[in-house]
Amino acid sequence: MTLAAQGIDTGDTAWLLAATALVLLMTPGLALFYGGMVRTKSVLNMLMMSFVSIALVTVVWLAAGYSLAFGDDTFQGLIGGLDHAGMKGLGPDSVQGTVPTLLFATFQLTFAIITAALISGAIADRAKFGAWLVFVPVWALLVYVPVTHWVWGPGGWILDKLGALDFAGGLPVEITSGASGLALALVLGPRLGFKKDAMRPHNLPMVVLGAGLLWFGWFGFNAGSALGANGLAAAAFLNTLAAGCTGLLGWLFVEQKRDGHPTTLGAASGAVAGLVAITPSCGSVSLLGALVVGLAAGVLCSYAVSWKFKLGYDDSLDVVGVHLVGGVVGTLLIGVFAVEEMTGGPEGLLYGGGLAQLGRQLVAVAAVGAYAFLVTYGIGKLLDKAIGFRASEEQEHTGLDLTVHAETAYDHGVLGHGAPVSASSVPSAQKVKSQA
Amino acid sequence: MKLITAIVKPYRLDEVKTALQELGIHGLTVSEASGYGRQRGHTEVYRGAEYQVDLVPKVRIEVVVEDADSDAVIDAIVKAAQTGKIGDGKVWALPVETVVRVRTGERGPDAL
Numbered sequence: 001m002t003l004a005a006q007g008i009d010t011g012d013t014a015w016l017l018a019a020t021a022l023v024l025l026m027t028p029g030l031a032l033f034y035g036g037m038v039r040t041k042s043v044l045n046m047l048m049m050s051f052v053s054i055a056l057v058t059v060v061w062l063a064a065g066y067s068l069a070f071g072d073d074t075f076q077g078l079i080g081g082l083d084h085a086g087m088k089g090l091g092p093d094s095v096q097g098t099v100p101t102l103l104f105a106t107f108q109l110t111f112a113i114i115t116a117a118l119i120s121g122a123i124a125d126r127a128k129f130g131a132w133l134v135f136v137p138v139w140a141l142l143v144y145v146p147v148t149h150w151v152w153g154p155g156g157w158i159l160d161k162l163g164a165l166d167f168a169g170g171l172p173v174e175i176t177s178g179a180s181g182l183a184l185a186l187v188l189g190p191r192l193g194f195k196k197d198a199m200r201p202h203n204l205p206m207v208v209l210g211a212g213l214l215w216f217g218w219f220g221f222n223a224g225s226a227l228g229a230n231g232l233a234a235a236a237f238l239n240t241l242a243a244g245c246t247g248l249l250g251w252l253f254v255e256q257k258r259d260g261h262p263t264t265l266g267a268a269s270g271a272v273a274g275l276v277a278i279t280p281s282c283g284s285v286s287l288l289g290a291l292v293v294g295l296a297a298g299v300l301c302s303y304a305v306s307w308k309f310k311l312g313y314d315d316s317l318d319v320v321g322v323h324l325v326g327g328v329v330g331t332l333l334i335g336v337f338a339v340e341e342m343t344g345g346p347e348g349l350l351y352g353g354g355l356a357q358l359g360r361q362l363v364a365v366a367a368v369g370a371y372a373f374l375v376t377y378g379i380g381k382l383l384d385k386a387i388g389f390r391a392s393e394e395q396e397h398t399g400l401d402l403t404v405h406a407e408t409a410y411d412h413g414v415l416g417h418g419a420p421v422s423a424s425s426v427p428s429a430q431k432v433k434s435q436a
Numbered sequence: 001m002k003l004i005t006a007i008v009k010p011y012r013l014d015e016v017k018t019a020l021q022e023l024g025i026h027g028l029t030v031s032e033a034s035g036y037g038r039q040r041g042h043t044e045v046y047r048g049a050e051y052q053v054d055l056v057p058k059v060r061i062e063v064v065v066e067d068a069d070s071d072a073v074i075d076a077i078v079k080a081a082q083t084g085k086i087g088d089g090k091v092w093a094l095p096v097e098t099v100v101r102v103r104t105g106e107r108g109p110d111a112l
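These protein sequences, in sequence, are chains A and B. First residue of the first sequence? That's 1 in UniProt numbering, and the numbers climb one at a time after it. First residue of the second sequence? That's 1 in UniProt numbering, and the numbers climb one at a time after it.
Since the hints were made in silico from the structure, they are not lab data. Just so you know, not all the hints are guaranteed correct.
With a straight-line Cα cutoff of 20 Å, these simulated DMTMM-like cross-link-like pairs (lysine to aspartate or glutamate) come out [as the list claims (entries may be wrong)]:
hint, chain 1, residue 1, chain 2, residue 2
1, A, 195, B, 88
2, A, 195, B, 14
3, B, 2, B, 50
4, A, 196, A, 393
5, A, 310, A, 396
6, A, 196, B, 44
7, A, 41, A, 347
8, B, 9, B, 88
9, A, 381, A, 407
10, A, 310, B, 50
11, B, 79, B, 54
12, A, 257, B, 71
13, A, 195, B, 62
14, B, 90, B, 106
15, A, 196, B, 75
16, A, 196, A, 9
17, B, 2, B, 44
18, A, 257, B, 88
19, A, 196, B, 14
Pair by pair, the computed Cβ-Cβ distance ranges are [what the hints assert, rightly or not]:
hint, chain 1, residue 1, chain 2, residue 2, range
20, A, 303, B, 38, 42 to 48 Å
21, B, 54, A, 303, 26 to 32 Å
22, B, 109, A, 410, 21 to 27 Å
Glycine is no exception: its CB is placed at the ideal position from the N, C-alpha and C atoms.
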């Protein structure tokens with residue numbers, strides 16, 4: 001990323017406007033991806049956890065998040081200042097690199113939104129919606145914002161001082177969401193019936209539609225991170241496509257060998273795993289590197305999703321298995337596959353760079369993973385003590401859609417909620433209408 | 001009169017309906033059902049986690065006929081629903097005390 005002011009370039013600005021819209025689309029895409037994977041009784045709650053993150057994170061980001069993440073460093077590369085709180089001092093003429101600062105801030109905002117939404121997959125089916133409404137803004141300020149400053153903020157310690165590479169968000173997006181998801185899964189405990197009942201995805205076409213929208217939006221995520229309409233954006237774009245494909249194929253290969261069937265859920269999950277892993281590395285690795293990064297993530301993540309059954313934490317929709325593991329794979333492999341023509345300097349092990357870059361990547365992964373896990377665990381425990389984070393047993397049994405939102409997603413026939421209005425209730429319905 | 005209930009594979013429903021029409025049976029009731037016999041269900045796999053599905057989708061066909069027609073109807077259903085593979089279903093018959101046509105109030109065989 002080049003952050004020095006150079007005057008607005010209309011081509012760069014046009015591309016980043018489009019890329020920002022693409023990244024925002026990823027969150028509704030994620031809502032469908034997650035929504036299809038839960039049971040019928042809590043699909044609306046799952047969609048809502050993503051959707052409401054758009055609103056919550058936007059408000060927090062504009063109030064203070066952007067300034068703390070991307071404002072001038074105030075303490076040892078750990079956090080920015082409040083100079084731009086409430087977007088103070090930023091107008092249509094403010095420039096960051098070759099794009100308007102307000103556009104850069106909005107592009108970065110869309111990253112913060114989807115990262116918060118990603119965590120919801122770890123606590124699907126059993127979190128109090130009210131607690132989620134409090135958790136998201138607090139988490140965004142205490143976890144996402146500092147980590148983003150470390151990685152991309154001016155003077156941030158990871159990029160500027162340590163020299164680790166992260167092009168489009170392996171550290172702030174994938175590893176923080178994965179580690180935070182694990183922390184919250186531990187705070188809330190497993191769903192009722194975990195390991196006894198199989199929690200079958202209720203709508204796989206919805207999962208595939210969501211994965212498709214995620215993939216589409218991911219081009220904005222990764223190629224947009226070049227912050228310009230240029231060759232690096234093109235290379236990141238192609239790497240993104242390549243890794244998604246090998247991730248998909250890798251996951252299917254494991255399923256065929258292990259379970260005897262290549263599944264739809266596996267194809268969607270594998271593509272996402274490959275895309276997760278190429279996120280940090282898409283602007284640093286060769287095309288060969290991208291193919292390997294995607295394949296490695298597809299294969300490793302398809303095994304990692306079973307850890308929850310062995311270790312007993314209930315990460316409902318595999319945020320750990322896909323985002324933490326995929327993010328670690330992609331961030332570390334930069335140390336192997338980085339090429340100078342992409343990075344403009346550092347090279348990976350395979351291209352003669354030695355172990356130095358791999359070491360830097362490892363330090364960054366460990367620091368961000370540990371920070372996100374510990375702080376999120378603390379926030380989760382505090383919220384659980386203060387207002388309760390876990391839905392009641394009755395709510396969980398009945399489903400959060402009906403008990404929290406007073407809605408159900410589907411009409412289950414004449415005996416269910418789609419029952420025709422009975423004769424006795426018609427007069428009261430008309431009465432309500434006439435009063436309105 | 002007899003109530004004949006048949007639990008068969010869903011995709012055999014059309015054949016059973018045709019067979020009953022050819023016998024001159026005017027009405028029947030079909031409902032979705034699920035269950036298992038000796039074969040039990042099947043296994044589904046989601047992200048490597050196996051899910052044992054015991055209950056297999058079936059349709060339940062119910063038809064009330066006069067005593068004299070009972071055996072012919074049962075034979076027709078069995079012939080139409082049979083695939084020879086496991087899970088073809090069951091047919092049984094029970095005595096019926098009375099039948100009333102709601103629209104006209106007719107009772108007994110006249111109501112069929």
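Honestly, which of those hints from before does the structure not fit? Result: hints 1, 2, 3, 5, 7, 9, 11, 12, 13, 14, 15, 16, 17, 18, 19, 20, 22 break, sorted rising.
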